[in-house]
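Asker: Now for the letters of each chain:
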Amino acid sequence: MTKLTGAKILIECLKKEGVEVVFGIPGGANLPTFDALFDSSIKVIMSRHEQGAAHMADGYARATGKVGVCLATSGPGATNLVTGLATAFMDSIPIVAITGQVRTYMIGNDAFQEADTMGITRPITKHSYLVREVKDLARVIRESFFIAATGRPGPVLIDLPVDVTLAEAEFVYPKEVNIRGYKPTLQGHAGQVKKAVEAIKHSKRPILYAGGGVIASGAAAELTELARKAKIPVTTTLLGLGAFPESHPLSLGMLGMHGFEYTNYAVAECDLLIAVGARFDDRVTGKVDEFAKKAKKVQIDVDPSQISKTVPVDIPIVGDVKATLKELNTIVEGGETNGWLKQIEEWKKKYPLLYKEKKKLLPQFVIQQISEATKGNAVVATGVGQHQMWAAQFYRFNKPRSFLSSGGLGTMGYGFPAAIGAAFGRPGEVVFDIDGDGSFEMTLNELATAVANHLQIKVAILNNGHHGMVRQWQDLFYKGRHAQSKLTGQPDFARLAEAYGAVGMTITKQEEVRPAIERALKTPKTVLMNFLVEETENCWPMIAPGKPANEMLGTYETLSKEEGGIPQHRKFETPGELSLS
Amino acid sequence: MPKHTISALVENHFGVLSRVSGLFSARGFNIDSLAVGETEDPTISRMTIVVDADDRTLEQVKKQLNRLIDVIKVQEIPSEELLEREIVLVRVEFNHKNRAEILEAMNAVQGKVLDTSGNTLTIEVTGDQTKVHSVFELLKPYGILEIVRSGRIALSRKGKMSIKS
Numbered sequence: 014m015t016k017l018t019g020a021k022i023l024i025e026c027l028k029k030e031g032v033e034v035v036f037g038i039p040g041g042a043n044l045p046t047f048d049a050l051f052d053s054s055i056k057v058i059m060s061r062h063e064q065g066a067a068h069m070a071d072g073y074a075r076a077t078g079k080v081g082v083c084l085a086t087s088g089p090g091a092t093n094l095v096t097g098l099a100t101a102f103m104d105s106i107p108i109v110a111i112t113g114q115v116r117t118y119m120i121g122n123d124a125f126q127e128a129d130t131m132g133i134t135r136p137i138t139k140h141s142y143l144v145r146e147v148k149d150l151a152r153v154i155r156e157s158f159f160i161a162a163t164g165r166p167g168p169v170l171i172d173l174p175v176d177v178t179l180a181e182a183e184f185v186y187p188k189e190v191n192i193r194g195y196k197p198t199l200q201g202h203a204g205q206v207k208k209a210v211e212a213i214k215h216s217k218r219p220i221l222y223a224g225g226g227v228i229a230s231g232a233a234a235e236l237t238e239l240a241r242k243a244k245i246p247v248t249t250t251l252l253g254l255g256a257f258p259e260s261h262p263l264s265l266g267m268l269g270m271h272g273f274e275y276t277n278y279a280v281a282e283c284d285l286l287i288a289v290g291a292r293f294d295d296r297v298t299g300k301v302d303e304f305a306k307k308a309k310k311v312q313i314d315v316d317p318s319q320i321s322k323t324v325p326v327d328i329p330i331v332g333d334v335k336a337t338l339k340e341l342n343t344i345v346e347g348g349e350t351n352g353w354l355k356q357i358e359e360w361k362k363k364y365p366l367l368y369k370e371k372k373k374l375l376p377q378f379v380i381q382q383i384s385e386a387t388k389g390n391a392v393v394a395t396g397v398g399q400h401q402m403w404a405a406q407f408y409r410f411n412k413p414r415s416f417l418s419s420g421g422l423g424t425m426g427y428g429f430p431a432a433i434g435a436a437f438g439r440p441g442e443v444v445f446d447i448d449g450d451g452s453f454e455m456t457l458n459e460l461a462t463a464v465a466n467h468l469q470i471k472v473a474i475l476n477n478g479h480h481g482m483v484r485q486w487q488d489l490f491y492k493g494r495h496a497q498s499k500l501t502g503q504p505d506f507a508r509l510a511e512a513y514g515a516v517g518m519t520i521t522k523q524e525e526v527r528p529a530i531e532r533a534l535k536t537p538k539t540v541l542m543n544f545l546v547e548e549t550e551n552c553w554p555m556i557a558p559g560k561p562a563n564e565m566l567g568t569y570e571t572l573s574k575e576e577g578g579i580p581q582h583r584k585f586e587t588p589g590e591l592s593l594s
Numbered sequence: 007m008p009k010h011t012i013s014a015l016v017e018n019h020f021g022v023l024s025r026v027s028g029l030f031s032a033r034g035f036n037i038d039s040l041a042v043g044e045t046e047d048p049t050i051s052r053m054t055i056v057v058d059a060d061d062r063t064l065e066q067v068k069k070q071l072n073r074l075i076d077v078i079k080v081q082e083i084p085s086e087e088l089l090e091r092e093i094v095l096v097r098v099e100f101n102h103k104n105r106a107e108i109l110e111a112m113n114a115v116q117g118k119v120l121d122t123s124g125n126t127l128t129i130e131v132t133g134d135q136t137k138v139h140s141v142f143e144l145l146k147p148y149g150i151l152e153i154v155r156s157g158r159i160a161l162s163r164k165g166k167m168s169i170k171s
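Just so you know, the protein sequences line up as chains S and G, in that order. The working numbering puts the first sequence at residues 14 to 594. The working numbering puts the second sequence at residues 7 to 171.
Chain G on its own, in the form it takes in the complex (with noise of 0.2 angstroms):
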């Protein structure tokens, strides 16, 4: 199934993301991806969620998270105006034969070496999922021992989300 990007406004309080959670497990709705913070208004949170889902569900899930009290705006990002990132922090082993071409291979993805301790490297990298992909692809020979993801975070070219008041 393809995947969303939903966009949603939500009230900076406890208990909102239990809501969200919530109603994606009890209606059946996969969340691919879901990363929350603090928006430019302190008592606003920007909820990004990636969900795998045909039209009509997504339609549900729209309206489903509309129909939530604390949540304030909801908003699909198409992909013709999606501007998103991730972040990953990956660790791989390396030794004395590998290092420098890891090293070059993480350098022509802008990968940031975060860490060096004993035979492992911790690389962060930043970017879309086909970069992200791709950093996973060129890491795989040398062995991922650990990998972490941020989740998508993602704004419309289009500017602002407006809030009706």
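Chain S with its partners taken away, still in its complex shape (with noise of 0.2 angstroms):
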């Protein structure tokens, strides 16, 4: 048999693997890998900055479900992709992200551009391998990807260094994976799973919480089925937009710290809680001993971890999401919830999410029409902040795949890069990035990306001038002294954006932005428009940190004593079906 180098290992093991586009730059301990790519059928693209390839890779995953590949070389290139690695690992994105490593020999010597990059992405990778020799290659990528995809999904790293992808072996694929110390368990125990339907049967007040692990596992169709058959509403964690469609009757939206308040009081008052691929995250539950606690409480998750951490479960469920409801539908029988939809569709008419139009713009407008001018059909990410719990909010999520945001690092910064990623895994549909002037600031340096690949992203810029959610906490927490959240010395971004070759537009007035979004659409470029919104614009309702949900800020009832508005009220499809089910 031929002998092939490493970096031709590489290449070969990642077409094994269906890798169509990977994401990174080349330098010094990479050059072997870079110089293999070049003629192969891999597209590469060249981020800016490597923070930026992780975020491509992660956009990537998200929006396909496949796994996204970043490249990086030693040193600074390395350790430049450490925001994006704890992103998708604490949002549990697959990405396989492959270092160049100074020589195996000169390890731990100091040597230029090497930095101990196992040890530094350790605690947030999945699994990270140096490989020391050629002969291991071939097994560590396909471990690699299995590892990435499989369970709960998440970011493994592979330290390359350059000797190994210059020495020759002969290249066999291990057709399987066998890792001992590495069995998810897939499917749920049937024990637990008809425990969990006794549950259902007896609730009268029953609510699905689902999380990104819906959407991770391809469960929306199995989440949606539950919901309908037994007459289940629905709210979903931020990173489970998508996993349940919001023009459904039975959707609650999003729950949590900037959720709705009528979906907050249902989940203080339900008899059951079923968290399916969700975690009882922070933002999520507010004060936790306060959180849900009339309800008994389900939980499926493919990650023993996560079950009873924060909140302890009754009726704990590990496996697989989809697996798991695939089961449980076939048995499922809704208990008697009339009367308790009823009670939500008046929380739902009485709690809406309220703004009054000021001088200057409202970002939530500006996403209200973003959302029906793409008919909700638009692929979204965002980066950290207000404009992000108004994406939230405001945008109708209707598919999985469609909202791509870093829920638990919180990332500024993830949007734009993730956009570009996404844009690579679904061409042909429209991409947002709904942003924020703070956050688009941390890599619009990838523009040159954008424009470079004639991509046709759409960039709303939500300009507050300010790092608005710290503004908004300022306010509210710290006696309003803005300590560093005013942006000054802001470049005017249309035509920032208009430098890189991309289509800059700025948008001042309410008539404007309609006009301006559907120009947008048409125009086959990258086009980043520049809303100057209102700067002082709360994002209401909010549960402070450490709070229970009925200590909510920002009321409807509040907000509309103090200042009036117009009231929001979400619209569904098909508003008679629950009288009619």
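Read the hints as simulated data drawn from the structure, not as lab findings. Just so you know, nobody snuck in bad clues.
Chain S is faced by these chain G residues, among others (derived, beta-carbon under 8 angstroms):
| no. | residue |
| --- | --- |
| 1 | E17 |
| 2 | G21 |
| 3 | S24 |
| 4 | R25 |
| 5 | G28 |
| 6 | A32 |
| 7 | Q66 |
| 8 | K69 |
| 9 | Q70 |
| 10 | N72 |
| 11 | R73 |
| 12 | I75 |
| 13 | D76 |
| 14 | V77 |
| 15 | I78 |
| 16 | I169 |
Cβ coordinates follow ideal geometry from the N, Cα and C atoms, glycine included.
Now that you have both chains on their own, put them together as the hints suggest.
Answerer: Below, the structure written as structure tokens:
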């Protein structure tokens, strides 16, 4: 058998794994890899910063369900990946990061561009490898893709010294993976599933609480079937948006810190909470002891360590969400939930979101317009902060893998590169980056990547001249002292976009919003819409950190009393269905 | 908080110890004692970890350990099944008056004198925690100069931990 270099073996393995595109930047320690990629069939996208490459791989993975791949050189290349890896780790996103490393015999000698990449990334990866011998390379890559994509997905890092990529070995791709320490439980225990079915049957006020795990396991259809069959309303976490159609009457939208008021009331009052691929994050629970405290709790999760981690659970089911829901759906019977659904309908009418028109544009309005113009069918990436929460509240997500956002780590600057990754994964589809001016500035260098690759990303900057969420917290909890939250020295974003060769627009008036969005959608280029919005607008409602849901701030009642405003009722597609069923 | 003994079979390659110790520090678990060494299968090491934890934390410790790809099997050894040993070396000062007394006391606990140099005795004692502590108590009055402990190692009375393949 002919021998191949390590770099060639890597490329062959990537092809076997079905990798079509990789994101990254070459440097001293990964030159052989890039040289081998140069004439391969795999598309190589050069980002402008390795953080961008990691987020692109992440956005690609979230948008497609496939494993995203990013490449970086040793030392600074690898350390620049760190934020992207941590982002993917917190949100359980499958990516494989391949970093260059100095020659094996130089490791530990403080060589040029040497960093202990394994050591630095150990706590923010699902697993990592340092490949010391070329003969191990094919197995390591095979295992990495397997580990990244199965069980609870996550990032895997392969540290690859230059000399290993130059050395030669016979190329044999392992047929099977057998890692004795890694055997995820996929099928939920039948006895536990039966217990859950019993609980559902006897529940009068059930709620399905769906997280990112539903999307990761591709179980949106199964979740919807369960909800319809047993007539259970569904709330999703930030990462669960799109797991259940928000136009469905059983949809409760998002819960938690900036979730809907009625949703948080419903969670507080439910007698059965079925957590599906959700981990009781502190942004969801608020004060843990008070969270859904009247409810019996069922939790379905593929990762046993998530069960009862922060909130004790009565019926734990360890298993893949899709497989488990499938089984559950075959035997489930709904309880008597009509009264509950009626109650929720009333709450929905009574406690809508609310905003008051001001002199300047309102960010919520802009997002509503984007949602309508795209009919809720765009892939939407966001940064982190107020605009992210407004996007979650005001965009109507109806399909899984349509909302890409850093939930766990809360990484500002995630949105734009993630949108780029998504654009490669979902060619021909509308990809939006709804961003803040502060977030966008953290990775705006990737405008070059978008333009160089003729992508047609629509960037909507909700420009309030602040780190808006920080400003909001300072107003609420720091006596209005705006320590470093006002952004001074800001560029003209429209002209900045033009300088990169993208199309830039500045929008200041309400009547300009929709035409600008329509024009952007018709323009086959990357378009940046700089919406100059109200600077002091707050994101409501809000459960202050560590507080229970019944101490929510910015409720409909308080807001409407203080300054009035226009209630923003959500419309549901088939409002009659509930009474019919 | 009660102490719990965890026995973990892990892959015997570089970096595994740092994964385990890193996990404990990152998640704020307290390690009381940790000992690691190769098993009858040279590709597998056994870690004996004693943790200070309430039941909920203990559950998380076990689950988080299991989450590591390099950890093959995790088992808590309940106290009634626990076969536990630790080896300690204790160095004490002696003089011609108390030498015989020290040796007699050590004899009673099967302590071995490893070394006598100048006016110090280095004593080796192996045993469970009760014994180790009683040795420290016995020697305290003579002035303990130095102690080194191996960390606890343990097996269950119930026989071999099985590894799913």
